[in-house]
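**Q** Okay, here's what each chain looks like letter by letter:
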Amino acid sequence: MAQPDVTDAELIARVVVQDDRHAFSELVRRHQSAVRATLRRLTAGNHALADDLAQDTFMLAYRNLRSFRQEARFSTWLFRIATNAFLADARKRKEELLGDGDAEVGADDDEAGSPASAASDHTRGATLRLDMERAMKGLSDGERAAIVQCYHNDLSHEEAAYVLNCPVGTVKTHILRAKAKLKLQLGAWAPEQD
Amino acid sequence: MSERSPSMVEPVDDWLDAALRAEAADHRGDYLADGGFTARVVAGLPAPATPPAWRKRAVMGIWAAASVGIALALPGTSVDIAREFVRIAVGHPVSLAQIATGVVLLGIGSWTAAVWALRRG
Chain A
1 MAQPDVTDAE
11 LIARVVVQDD
21 RHAFSELVRR
31 HQSAVRATLR
41 RLTAGNHALA
51 DDLAQDTFML
61 AYRNLRSFRQ
71 EARFSTWLFR
81 IATNAFLADA
91 RKRKEELLGD
101 GDAEVGADDD
111 EAGSPASAAS
121 DHTRGATLRL
131 DMERAMKGLS
141 DGERAAIVQC
151 YHNDLSHEEA
161 AYVLNCPVGT
171 VKTHILRAKA
181 KLKLQLGAWA
191 PEQD
Chain B
1 MSERSPSMVE
11 PVDDWLDAAL
21 RAEAADHRGD
31 YLADGGFTAR
41 VVAGLPAPAT
51 PPAWRKRAVM
61 GIWAAASVGI
71 ALALPGTSVD
81 IAREFVRIAV
91 GHPVSLAQIA
101 TGVVLLGIGS
111 WTAAVWALRR
121 G
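Chains as they are written, first to last, in my numbering: chain A, 1 to 194; chain B, 1 to 121.
These are calculated hints, taken from the structure and not from any lab test.
Watch out, some of these pointers could steer you wrong.
To be verified - With a cut-off of at most 16 Å between alpha-carbon atoms, the simulated EDC-like pairs for lysine to aspartate or glutamate come out as follows: (1) A/K137 to B/E23; (2) A/K94 to A/E133; (3) A/K179 to B/E84; (4) A/K183 to A/D154; (5) A/K179 to B/D34; (6) A/K181 to B/D17; (7) A/K179 to B/D17; (8) A/K172 to B/D80; (9) A/K183 to A/E133.
As the list claims (entries may be wrong) - Using C-beta positions, here's what the derived DEER-type ranges look like: (10) A/A9 to B/V79: 48 to 54 Å; (11) B/M60 to A/R21: 26 to 32 Å; (12) B/D34 to A/L130: 26 to 32 Å.
Small disclaimer: the values here were computed from a predicted structure and weren't measured.
For glycine and all other residues, C-beta sits at the position ideal for the given N, C-alpha and C.
Only chain A is shown next, with the shape it has when bound in the complex (with noise of 0.2 Å):
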């Protein structure tokens, strides 16, 4: 286990000017979590995928590394090429992802939509939260792109553009949209209006 003092300025220098594979080593170490996990929520569950994704992430980091102007934190750079990755995979295989994407979310629309009413409130958070994963499925890539980064990455909107290499007003439509379909999905859930 590598100093967790070195700050990843430190190990990126010295992968930069020495080619230290262990330096690299360390990097990827202390962020594969993360990416692995931004890229299986982009996959919407594919973790095989997600670890191919992750593993072409890391080399690309690697082979560009002498670009990284420490312009954002290396981890918004990571999820910068990650989503990029999943993007352009995405488009490779659109038809089949759509396809199974529409089948899928249209077969669970009626059990998205109807929580157990008699259900605990522990009950009711864990139905909300699978009925959520499961709806996230339902929106366009740039949209569960766009959530995956400001709400489970917790960037603000000029992060998630840099990382979805887009102006911020297009992050914004992004999240509204996403909203707007997350809300058809689980109008169920939502409080009764007085």
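Using the hints, position chain B against chain A.
**A** Okay, now just chain B, sitting in the frame of chain A:
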């Protein structure tokens, strides 16, 4: 000023926003065990670019041959250059303060160049 995602939440979206946040918070602390992932990534890296052992000797040989060639082709020039160096050194003796100033200036110059190169690269 960085705009965080909650700022765009409308009241009507509160329940959805809260649900999204709760769902995200549920998983944020999760740590995915490495399980050999790092080793697979490192194993897939391209082989380090190590120059062959003979290259350094070949480069030094070429430089030596070129130096000898120039010295033989221009015999008077190398003697003149050496003589000028001696003349300058003897004609302008330097004090300890000048040496110190020179070392400081050299240091500042090297550090500035190093910082510039690091920022650029």
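**Q** It remains to establish, for every hint, whether it holds in the given structure.
**A** Cross-check of the supplied hints:
1. A/K137 to B/E23: 15 Å, holds
2. A/K94 to A/E133: 20 Å, violated
3. A/K179 to B/E84: 80 Å, violated
4. A/K183 to A/D154: 21 Å, violated
5. A/K179 to B/D34: Cα-Cα ~33 Å, so violated.
6. A/K181 to B/D17: Holds: A/K181 and B/D17 sit about 13 Å apart, inside 16 Å.
7. A/K179 to B/D17: 8 Å, holds
8. A/K172 to B/D80: At roughly 74 Å apart (the allowed maximum being 16 Å), B/D80 and A/K172 break the hint.
9. A/K183 to A/E133: With a Cα-Cα distance of about 13 Å, the restraint between A/K183 and A/E133 holds, given a limit of 16 Å.
10. A/A9 to B/V79: 48 to 54 Å: The hinted range 48 to 54 Å holds for A/A9 and B/V79, with Cβ atoms some 52 Å apart.
11. B/M60 to A/R21: 26 to 32 Å: 29 Å, holds
12. B/D34 to A/L130: 26 to 32 Å: Given a distance of about 27 Å, which is inside 26 to 32 Å, the answer is holds.
The structure shown violates the earlier hints numbered 2, 3, 4, 5 and 8.
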